[in-house]
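Peer 1: Here are the chains, one letter per residue:
Number of protein chains: 2
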Amino acid sequence: MPKSTFLNLPVEKRQHIFNCALQEFARHPYEQASLTEIVNIADIAKGSMYQYFEDKKDLYKYVVQTVYQHKRSFLQSVWDMTDRVEFFSLVSLYYRQSWRYAKQFPEYHKVTANFWDSRDEALRAEILREKQIRSMEFVDLLQHGSRIGVIDTDVDQAAAWFVYHAVGKALIDNFLEQDVNAGAHEAFIDSVLSILEQGLRSRKGY
Amino acid sequence: MPKSTFLNLPVEKRQHIFNCALQEFARHPYEQASLTEIVNIADIAKGSMYQYFEDKKDLYKYVVQTVYQHKRSFLQSVWDMTDRVEFFSLVSLYYRQSWRYAKQFPEYHKVTANFWDSRDEALRAEILREKQIRSMEFVDLLQHGSRIGVIDTDVDQAAAWFVYHAVGKALIDNFLEQDVNAGAHEAFIDSVLSILEQGLRSRKGY
DNA sequence: GAATGATGTGACTGCCTGGTCACATGGGAG
DNA sequence: CTCCCATGTGACCAGGCAGTCACATCATTC
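Quick mapping for you: the protein sequence lines, in order, are chains A and B. Just so we're aligned, residue 1 is where the first sequence starts under the working numbering, counting upward by one. Just so we're aligned, residue 1 is where the second sequence starts under the working numbering, counting upward by one.
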């Protein structure tokens, strides 16, 4: 919800300001991010920022929203395969693609990560909404997998979503800081997925 | 590393100050926690706090350390069963006990949660150390399970640890805010564990 | 009662924050 | 050249922060 002043700005300047805000919100969670620092780095007057946005939170929401659109379009290629690819392959593709996104646009990723575990009351509502959407998408996949017999029908679907979500988040968060060999990490992703696919229990009995 | 002045304080007062600091560090991550707020609530002079601790970080480290000892002793009963209980049951007990801890001492839990995803460089080192210890303990359990044939020997142990850690953390974090029926959540924990144990793939083939 | 050293105190400093506002600048219309 | 309105500006405000320090209080010792 930027003001019209911001939207009337030349694209170049608009992107410049967006990038500077992005950097700051990637480095710090919302509460600790400094608007003063942003305008300093962007080399614009503080008053100008208040011509463009209502306040700090307005700017933040704009950045988060833009980042989410960006990420969604990056992941779209995976969602487009839903009908053609089997459940486990699709999840593998999804995790790999998410990982590539985080690698390719680390600041964008960090902004979403910071947003995701934000404590701000006003933001929590939007986070929950976002979560619910993803949950529904995932459960759709699961049910499709059940129908075609790939997935055990006894599986508790809420629990399955929970596991995949927790693991997916951790897969990205924990390995972004270290510079992991990309290929190695994608292999690790598959190791992790294989555990979710097969579980740990010994198959000797069968 | 409190100063001797703090250690010489009557136990009652010491606990009072500890509790007030605990509340604040439970409510906010380190950077956003306010020392001024702590001394106001504790009803002591700010100068006094600096008689007891070197600085804010010193106080924080003391609180975190105390909390970790507290939690460890609470979970000790589970670790004591290592020799007598089978892997999957032990993990179930561990998750349940961790959950009960978070329920029973929510502030203590929140302090550890805040610490766990702290961004402070100086603290990261200690976090990694803590993580490594837990990882080793878990891999020990896994190897024991492999030896006695309960766990598939093909399982990638690093990946297994990763999955259990991610899921365990999420199991607590995500359900603490809502007041979930305790029994229901312990059932959910077992649903989640059953997925890790058996995976999702259909067993029809066997 | 005097002296001593440990403990308690809160006004104060310097710094940083988000947000404001009276003013300066610029470029197009008449 | 003048008017006008959108845009740009940075000194300034009130409030919060961690940390300091000169001083007050207290308990012990002699």
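The hints are simulated quantities; they were obtained by calculation from the structure and are not laboratory data. The model shown is predicted, which means the values in this text are computed figures rather than measured ones. Among the hints, a few may not be true.
It does not matter which identical chain is used: a pair holds within one copy or between any two.
[Said to hold, decoys possible] 25 Å max Cα-Cα, derived PhoX-like pairs, lysine-lysine: (1) Lys103 - Lys46; (2) Lys131 - Lys103; (3) Lys169 - Lys103; (4) Lys131 - Lys169; (5) Lys103 - Lys56; (6) Lys13 - Lys169; (7) Lys131 - Lys13.
Peer 1: Hint by hint, which ones does this structure get wrong, listed from lowest number up?
Peer 2: 1, 5, 6, 7
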